[in-house]
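Participant: So the chains spell out like this:
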Amino acid sequence: MHAYHINNDNFFLKNKMTDTLISGVVYVGGDGGDGDVSEVEKIKNSFSSFRDAIDFHHDRRERIIKISRDITSQSKKLIYTAHRITHKPLKSILNEVTTKRIEIIDMFKQVSLDLEGSDFHRYHKSISPAIQEYIEAISFIEYLQNGTLISKEKVDIDFKDEEGSQFLIVTNEDYLLGIADLTGELMRHAINCIGVGDHDRAIKICKFLRDIKSGYDILKIPKRDQLKKKMEIMHQSLIKVEDACYALIIRGSEYPKEFYQHIVSEHAKSFDVEMDIDG
Amino acid sequence: MSMDLSFFESVDSAMEAETGRKEEILRIVREYDKTCRNLIAVLNRVHSVHSEEVPIIAQSVIDRIREVKQHLENLSQIVPYQQYYRYNDLWTRTVQSSLFIASFAFYLSTERLITTNEIESLFGVKINLQNDLQDFHISIEECLHGYVTLTSELSRLAINSVTAGDYDRPLKISKFVKELYSGFQLLNLRNDLLRKRFDGIKYNIKKIEEVVYDISLRKLSSSSKSDTVNFTGGEGDV
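Residue numbers (the numbering used here), protein chains in the order written: chain A, -4 to 274; chain B, -11 to 226.
Calculated from the structure, these hints are not laboratory results. We put the CB at the ideal spot given by N, CA and C, even for glycine. There could be a bad hint or two in this list.
Result set (DSS-like, lysine-lysine): computed pairs, CA atoms no more than 30 angstroms apart in a straight line [stated by the list, open to error]:
1. A:Lys199 - A:Lys223
2. A:Lys39 - B:Lys22
3. B:Lys184 - A:Lys120
Now the stretches of chain A that chain B is said to cover, found in silico as 3 or more residues with beta-carbon under 8 angstroms [said to hold, decoys possible]:
4. 137 to 149
5. 225 to 237
So that you can see chain A by itself, here it is in the shape it has in the complex (with noise of 0.2 angstroms):
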């Protein structure tokens, strides 16, 4: 090998040197000895078989990402849906919502081939973002039916074919990333409700954010995990709401109920403005 080597630069020295003293520019290799063509040729053989790889890996990780980005978008449409409430009734809602739900499912059995096996873990990041959302949206449609929490049992069940068999898997995180993301909306339904005047429902709102709350404050969070932040909004938009609970119940008494909801409108109005930021 050492020999063959010496011969190449040789080789490369005998043709080459006139161009070298001349243009000052060294050009060693690439195409010297015609033995060592095999050695490029190994080397361009192996990257051209890396690049196919890599290249695989990449188109499937955008096609993941896109299909993420239309089931978050529906997924919004859905809580806007959801949202509609103060004004509609639930059952109009709610015959609006299944159609749309039973779109998405599709799209997440769609993108499910494409997290098999151990790619699950390797594009996760890429598909949980339309998990936390659509969770999101299917929670708080559950509050609003049922009054209640979903639990991850139910929301595994949209996950499931008609054999009963889960076709993606929602990690605990998952979950949890999205329920604290239903408090935000939660807390925007609280003030919509004291707009309309629906006192005790706000009530119930703060009594159940509360609830959802200590669930959290169980939890061991590690440092820099995304649902600190979550955690942190979370903990804003309880505040915000037991602030509008506590001017419900002080000024209640003091001015007639038209007058009141004037106060409070306005007061709503300004959480929603700071509230935006979280689109």
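Following the hints, position chain B against chain A.
Facilitator: Using the frame of chain A, we list chain B on its own:
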């Protein structure tokens, strides 16, 4: 209390178990990292010794790759089936470093690029060439990171081998690194860290070219001496 908190309690214990596993992995990675640092320290000596000693040093490092193999074996046992990607961030830098060590030592003893097959047999771990491995493995990206580091270390060696009186090595390094670079040029890299590091290879090549230029200009390499005989008709025959 109107809500059942048992779910959160069970999640909390699951999270605790997860933290425990991560700590255990990190403990193995720390040992693995220590081995890598030791091997790099050994390899550093090639920058200051005579060229005859280089293959001996390289071989001693290749022999010690079995320590790396053991660490990888330990990792592969702790990672559950199909959960490689859940934890691979914890060890990827160390794996990259050990791949650099292997490719550098291998180059110094054979003067060619270590192949994926050779990595697999040295490390006792498969490389995920088909995107289909379910268990612990080495990724292609990790190999590529190792190769990029190799080009930068070889540019350093090109300079130092001149200082140590070996004028032939820079020529061989130049040829080799360019071949390796032509391989990298076949890849469709995204805007990630690998892309950034790939962009750095050309500076390593430039550095090596400058060394080769200096040597060629002064007719210092053994091949240029013998070549000079042919080229200038005896002038260099001293």
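Participant: Does each hint fit the structure? Answer for all of them.
Facilitator: Hints and how they fare:
1. A:Lys199 - A:Lys223: The hint holds at about 26 angstroms.
2. A:Lys39 - B:Lys22: violated, 33 angstroms
3. B:Lys184 - A:Lys120: holds, 22 angstroms
4. 137 to 149: holds (count 3)
5. 225 to 237: violated (count 0)
Violated hints, in rising order: 2 and 5; the structure is consistent with all others.
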